[in-house]
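Given the structure of chain A, go ahead and fit chain B onto it with the hints provided.
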Amino acid sequence: MKRFITGTLIIMMLGTLLIACSSKGENESKDEPSNSASSPAASTSVEGNDAAVYPMKTDKTLTYWGEMTGNIVGVKATHEEVPFFQDWQKKTGVKLKFTAPPAGQAKETLNVMLASGELPDMIEFNFLSEFPGGPEKAIGDGYILKLNDLIDKHAPNLKKFLQENPAIDKMVKTDNGSYYAFPFIRYDEYLRVFQGPIVRKDWLDELGLPVPETIDEWTTMLRAFKEKKGAAAPFAVNSKPRFFNDSYNGAIMGAFGVKRDFYQKDGSIKFGPAESGFKEYLRLFQTWYKEGLIDKNIATADGKAVDSNMASGATGATIGNAGGGIGKWQPLVEANDPKALLVAAPYPVLNKGDTPMFGQKDNAYSSGGIVAVTASSKDPELAVKLLDYGYSEEGRMFFNFGTEGVSYNMVDGYPKYTDLLMKNPDKLAPAQAMSLYVRGSYNGPFIQDKRYAEQFFARQTQRDAVDIWKKTDVAKYALPPLTPTPEESSEYATIMNDINTLVDEMTLKIILGSESIDKFESYVDKMKSLNLDRAIEIQSAALQRFNNR
Amino acid sequence: MNRLVRDFVMNKYLYVMMIPVIAYYVVFHYAPMYGALIAFKDYSPMKGIWGSDWVGLKHFHDFFNSYYFWRILKNTIVISFYSLIFEFPAPIILALLINEVRNKAFKRAAQTITYMPYFISLVVICGIVTDFTNADGIINRLFVSLGYDGQAMLQKAHLFRPIYILSEIWQRIGWESIIYIAALMSVDIEQYEASRIDGASRLKQLFYITIPGIMPTIAIMLILRMGNLLNVGFEKIILLYNPATYETADVISSFVYRKGLLEFGWSYSSAVGLFNSVINLFLLVMANSISRRINNSSLW
Chain A
1 MKRFITGTLI IMMLGTLLIA CSSKGENESK DEPSNSASSP AASTSVEGND AAVYPMKTDK
61 TLTYWGEMTG NIVGVKATHE EVPFFQDWQK KTGVKLKFTA PPAGQAKETL NVMLASGELP
121 DMIEFNFLSE FPGGPEKAIG DGYILKLNDL IDKHAPNLKK FLQENPAIDK MVKTDNGSYY
181 AFPFIRYDEY LRVFQGPIVR KDWLDELGLP VPETIDEWTT MLRAFKEKKG AAAPFAVNSK
241 PRFFNDSYNG AIMGAFGVKR DFYQKDGSIK FGPAESGFKE YLRLFQTWYK EGLIDKNIAT
301 ADGKAVDSNM ASGATGATIG NAGGGIGKWQ PLVEANDPKA LLVAAPYPVL NKGDTPMFGQ
361 KDNAYSSGGI VAVTASSKDP ELAVKLLDYG YSEEGRMFFN FGTEGVSYNM VDGYPKYTDL
421 LMKNPDKLAP AQAMSLYVRG SYNGPFIQDK RYAEQFFARQ TQRDAVDIWK KTDVAKYALP
481 PLTPTPEESS EYATIMNDIN TLVDEMTLKI ILGSESIDKF ESYVDKMKSL NLDRAIEIQS
541 AALQRFNNR
Chain B
1 MNRLVRDFVM NKYLYVMMIP VIAYYVVFHY APMYGALIAF KDYSPMKGIW GSDWVGLKHF
61 HDFFNSYYFW RILKNTIVIS FYSLIFEFPA PIILALLINE VRNKAFKRAA QTITYMPYFI
121 SLVVICGIVT DFTNADGIIN RLFVSLGYDG QAMLQKAHLF RPIYILSEIW QRIGWESIIY
181 IAALMSVDIE QYEASRIDGA SRLKQLFYIT IPGIMPTIAI MLILRMGNLL NVGFEKIILL
241 YNPATYETAD VISSFVYRKG LLEFGWSYSS AVGLFNSVIN LFLLVMANSI SRRINNSSLW
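Line order of the protein sequences matches chains A and B.
Those letters in the first sequence? Residues 1 to 549, by the UniProt record's numbering.
Those letters in the second sequence? Residues 1 to 300, by the UniProt record's numbering.
Okay, chain A solo, but in the shape it has when bound (with noise of 0.2 angstroms):
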């Protein structure tokens, strides 16, 4: 137990390496989209008997522990001096305290501090799919409050928003219908697409290549960046936490049918790189890599080795999102070279015409960005009452578009940002200076509004891009989220860790040519013998059980 402490505070003083190495990655997904106006609005109706007036009176003050979000690191150092956080607290009439943990180490940080017992009111954590067991465990060890009876006397309008949307709300709850966050709903189906292939359209026109949409395609553009262009690593992504990170959502590999996940087809659900199509991927990220068409350091490679190899035109083709990607990106490489253009490219099929069988899209119901609300806390309706505000009408405006006059202005009945957002005068991207006073443009207790992307995605090529990306099947194929029930979770938690590790090392191996291709089939008993049919058994069950809600 000493050790485990004493390990436990190193791992905090380590922060800066892991904030480098792991962070990034998993943030920028989440911190795309945003949300529609054209909604069932929820309109902020009084006819809850409990119905909270905004600013509410009261003088306590409640505890709010949650990450800040990346775009806003080396801005601000904490919640208070972010302008949204204090505006958030006059709107609502509570006083707020808040807690962050370093970067990128939500997850240890939380570890230690449910270990200690002192838990704030509110966590903003991502209870869905970080939280080793799921919320029913969360809640049944004691940690975070069952929402039902609260939700339905205290916050009327997220009552409302989920009555009107059973759809939405039977993602919001887990199986035995126990709601266990406040959460955070892309609205718009537009919100929920924002990232795929992204490649260099300058280099293409020059070599007189068209934007690629087969597997051969992109050997031949692969090949071509690299033998005319110089490109030293022509296709580069991030890999941390796990090799090629985004990965998960079948970028490239949705050519062979698999994503590196469970996936549903034909009414069973399967596991992508235990099937023969991730066989195929590996065989021919084994052959890209021999050739030297991808990053030679991919193993290692993180989210700011990405951005230097693109800013230095080492890099010509990558996964990436429209807003942390392109929009990151665009401005780098026209740094170097005036003609550069970044344009998305369709995820990638074998045969011409066919639709991918995967790519990037959340379900409306993301799981980043949701707060609970503790068993420690000493006033639950204070909190439940706050956290409502991001479902009214007042509090969507809010939570989108920031205070008016500040943050927006209403043209014509549409809620243009200011140039203090867009045009930020102290040189913040725009990225960056939303963060500061809006929360529209990642996550949180809020319905998020689609004139958010609108206007964040300043480029044509960026509204492009979600275009090409959303075509895709995956609507057919994706899982809902499950949550397994606690006594399976633990169980299912051991099996899937250990896979996870063999795939990943499978995938290396195989792909850095220090195993042969023919190894996968080995590979695949492997996991056989680590159970996992096991864990394919406890997420039909859990989907079966999704389906029955």
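Honestly, I wouldn't trust all of these hints.
[Claimed, not checked] Below, simulated DMTMM-like cross-link-like pairs (lysine to aspartate or glutamate); rule was C-alpha separation at most 20 angstroms, straight line: (1) B/K74 - A/D498; (2) A/K153 - A/D169; (3) B/K156 - A/D169.
Hints in this document: simulated from the structure, not taken from any laboratory.
Treat the numbers as computed from the prediction; the structure is a model and nothing was measured.
Structure of chain B alone, referenced to chain A:
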């Protein structure tokens, strides 16, 4: 009993002076052992240590039967063993070399420069190592200029241990040599004079006077080291490894880190930690008794 009381009365101030030391051990070393209980329970912070359910040896059982058990055990032992063979003698050799140098200024400079890296944060060290071993890092450029192929060295499983051990030596050699240099100072000068009169060469002096002179220090250091044999720190490992090198790099402590901190498996990781400590204790006792038998120097 009577004797004890008399002794206490006679040395009461000595006893009083000892209280802080005893308190330190009780508070910081013995009291936390109570926490080791959670290795036998399904610990849940909300129920507290005592209130959590007993599960007996379940976590130990899970660990010994885990798929990766043999691999991480082997890696831990191999890395420790390598560092025992290669890293342990390095500071001794450095100390002997420095001892032979007659130029005072050079001696000081060499000492200062070699122990400087010890004060650099491990995170920074690992950053440097990662950069140097990249496909286009400085080491690979050197190889390329000699006509070899550049490759990202941290992606090669067979290179992980050499990189780990070499960077370890580089960082600690100067610092660890200090104790040996101090020991060298205490070797009797008259013995050297006598041997010189008898016609011993410098090499002979080294083997017959210097090394035997610091042997007790070496033995003690070795015993202490044995007690940490299975303690390969996870910090450096997790900063340097990746799935391509798990095969040679994943050790008990990095496994505990993944289990305990990332999966909230408090009890499980305590069980593994406890297992680790028991083995270490066993090794320490063994090394001590061997050392006592062979060269009469031991910790107790």
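Cross-check of the supplied hints:
{"no.": "1", "hint": "B/K74 - A/D498", "result": "holds (17 angstroms)"}
{"no.": "2", "hint": "A/K153 - A/D169", "result": "holds (17 angstroms)"}
{"no.": "3", "hint": "B/K156 - A/D169", "result": "violated (48 angstroms)"}
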